[in-house]
Amino acid sequence: MNGLFVKFHLVLLINWSRNSSSITTVSMLAAAWIAAAAVSCAFAQDTELLLVQMIYRHGARAPIIPYPTDPNPPESWPEGFGTLTKLGKRQHYVLGTFLRSFYSGFVTSDPKELMVNSTEYDRCIRSALSNLASFYAPTEEWTIEEGLAWQPIAVYYKDSASDRYLAMGSKCPKFFEIQDQRFNSTEFMNVVESHREMIEAVMYHGGVPDWQWACLLQDTVLAEKVHGLIVPEWLDPWWEELTELTEFAFFWLFNTPQQKRIRAGPILGKFIENMDNKIAGINDQIKVHMYSAHDANLVALLEALDLYERRPPFSACLLVELHELLDGEKAIRLLYLNSSTPEDINTIHPNILKLQGCGEFCPLEDFRQLTKHLIPEDWDKECQTTNELYNNEAESLSRLFGSHEFMDNKMPTTTGGTTCGPSTGSNEMIDCSVDTE
167 MNGLFVKFHL
177 VLLINWSRNS
187 SSITTVSMLA
197 AAWIAAAAVS
207 CAFAQDTELL
217 LVQMIYRHGA
227 RAPIIPYPTD
237 PNPPESWPEG
247 FGTLTKLGKR
257 QHYVLGTFLR
267 SFYSGFVTSD
277 PKELMVNSTE
287 YDRCIRSALS
297 NLASFYAPTE
307 EWTIEEGLAW
317 QPIAVYYKDS
327 ASDRYLAMGS
337 KCPKFFEIQD
347 QRFNSTEFMN
357 VVESHREMIE
367 AVMYHGGVPD
377 WQWACLLQDT
387 VLAEKVHGLI
397 VPEWLDPWWE
407 ELTELTEFAF
417 FWLFNTPQQK
427 RIRAGPILGK
437 FIENMDNKIA
447 GINDQIKVHM
457 YSAHDANLVA
467 LLEALDLYER
477 RPPFSACLLV
487 ELHELLDGEK
497 AIRLLYLNSS
507 TPEDINTIHP
517 NILKLQGCGE
527 FCPLEDFRQL
537 TKHLIPEDWD
547 KECQTTNELY
557 NNEAESLSRL
567 FGSHEFMDNK
577 MPTTTGGTTC
587 GPSTGSNEMI
597 DCSVDTE
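Mapping of the sequence shown onto the working numbering: residues 167 to 603, in sequence order.
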């Protein structure tokens with residue numbers, strides 16, 4: 167099965183003007199302060215915040231791919247499939263407003279305080295820019311034009327093939343090989359078979375050929391639901407079960423030690439490196455490291471830390487704080503923002519995540535030991551990057567369920583005008599080949 171990867175390289179600077187409703191702005195800031203107060207009061211424990219690192223999913227986007235019987239026309243997405251929508255931009259603008267209030271007194275408007283990295287996909291770059299428009303809105307000192315509550319902030323990215331920190335599609339033959347084995351294992355296929363009736367119904371009505379594409383259909387419909395578009399009635403009785411299977415497939419992506427090391431290990435190592443640099447006074451002016459990425463990044467991290475519960479919604483954000491305690495010991499605190507409606511600032515509430523054996527503030531050395539086994543010493547060696555058999559990303563779609571975040575906007579079509587599904591009068595499935603031309 168062939169898959170093409172959409173490459174977005176456009177960096178769009180989003181201007182947010184003070185001409186928008188001042189009442190709305192004031193109410194958003196007030197709501198952010200109230201929502202943040204419950205958790206931020208933990209600073210009263212005489213801790214000093216030294217560094218904030220955050221990794222978040224992009225905001226709401228158009229579906230990556232429509233399904234063959236999709237009732238919503240392509241015109242529903244004026245900026246194209248897979249792109250950040252107006253709702254997604256607002257979600258990250260609101261998240262930035264929340265973060266500015268939550269870290270009031272720690273961050274300023276000085277752009278030298280933060281380092282921003284993104285995957286190369288424009289929905290992630292635009293999410294970062296939308297977030298920064300409010301998170302680092304300029305004070306008078308940094309205002310570039312009267313009445314313009316915006317300043318340019320640099321967002322850095324690498325091409326996916328070489329980005330081992332954020333790109334879930336970076337070249338790692340060993341990871342794809344493991345996924346081949348895992349998704350074809352008896353254990354996983356037994357789970358798929360337990361949902362056979364639902365899968366056949368989705369194949370029949372949705373016009374898709376197998377369980378993988380059924381899960382991708384779920385992803386498409388979820389994006390449409392978030393934007394208030396048409397959801398076909400035939401899907402209603404199957405929606406929860408289809409979502410359950412999709413959630414399980416996400417879990418299955420990163421639930422072995424080697425999968426966690428390959429995909430979560432590099433960014434965990436970067437978190438620790440950034441904290442060590444802060445303590446050592448290296449790049450001491452940096453207060454915030456921001457990483458704009460995908461749901462798969464958060465799934466990999468949360469699974470690696472044994473904190474995963476469900477697929478992260480749009481704009482979900484993991485915060486990794488470095489504190490100095492009263493006795494001088496350095497400790498981290500993990501907070502998770504996972505509102506299903508992040509465009510409403512009143513729904514954004516930080517959840518404290520606790521690692522096994524740690525309290526709210528986990529000593530840095532304990533965190534280092536807890537994650538040591540997850541960080542590869544030689545990523546290229548573990549990935550077997552010279553193995554050509556699994557080194558073709560364009561061929562990885564059939565192996566890599568999670569690549570739907572990076573796929574071309576085509577669902578497979580069926581042959582001869584036949585809809586995939588159970589053949590008449592039998593339980594046999596109609597053979598539906600895949601056309602990806």
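It is possible that some hints are incorrect.
[Unchecked claim] Simulated crosslink set (SDA-like; lysine to any residue; CA at most 25 Å straight-line):
#1 K391 to E413
#2 K436 to P277
#3 K340 to N350
#4 K391 to F417
#5 K453 to K337
#6 K520 to K547
#7 K547 to Q535
[To be verified] Derived Cβ-Cβ restraints for the label pairs, each shown as a range:
#8 P529 to V357: 34 to 40 Å
#9 N449 to G494: 32 to 38 Å
#10 E410 to E241: 40 to 46 Å
Worth flagging that the hints you see were computed from the coordinates, not collected in a lab.
The beta-carbon is built from N, C-alpha and C at its ideal position, and this holds for glycine as well.
Consistency of the hints with the structure:
1. K391 to E413: Within the cut-off at roughly 17 Å; holds.
2. K436 to P277: Measuring from Cα to Cα gives roughly 21 Å; hence the hint holds.
3. K340 to N350: With Cα atoms ~15 Å apart, K340 and N350 stay inside 25 Å; holds.
4. K391 to F417: Distance of about 22 Å is within 25 Å: holds.
5. K453 to K337: Cα-Cα ~31 Å, so violated.
6. K520 to K547: violated (32 Å)
7. K547 to Q535: With Cα atoms ~22 Å apart, K547 and Q535 stay inside 25 Å; holds.
8. P529 to V357: 34 to 40 Å: 38 Å Cβ-Cβ, so the 34 to 40 Å window holds.
9. N449 to G494: 32 to 38 Å: Roughly 21 Å apart at Cβ, these two residues miss the hinted range, so it is violated.
10. E410 to E241: 40 to 46 Å: The hinted range 40 to 46 Å is violated for E410 and E241, with Cβ atoms some 32 Å apart.
In the structure shown, a violation is registered for the earlier hints numbered 5, 6, 9, 10, in ascending order.
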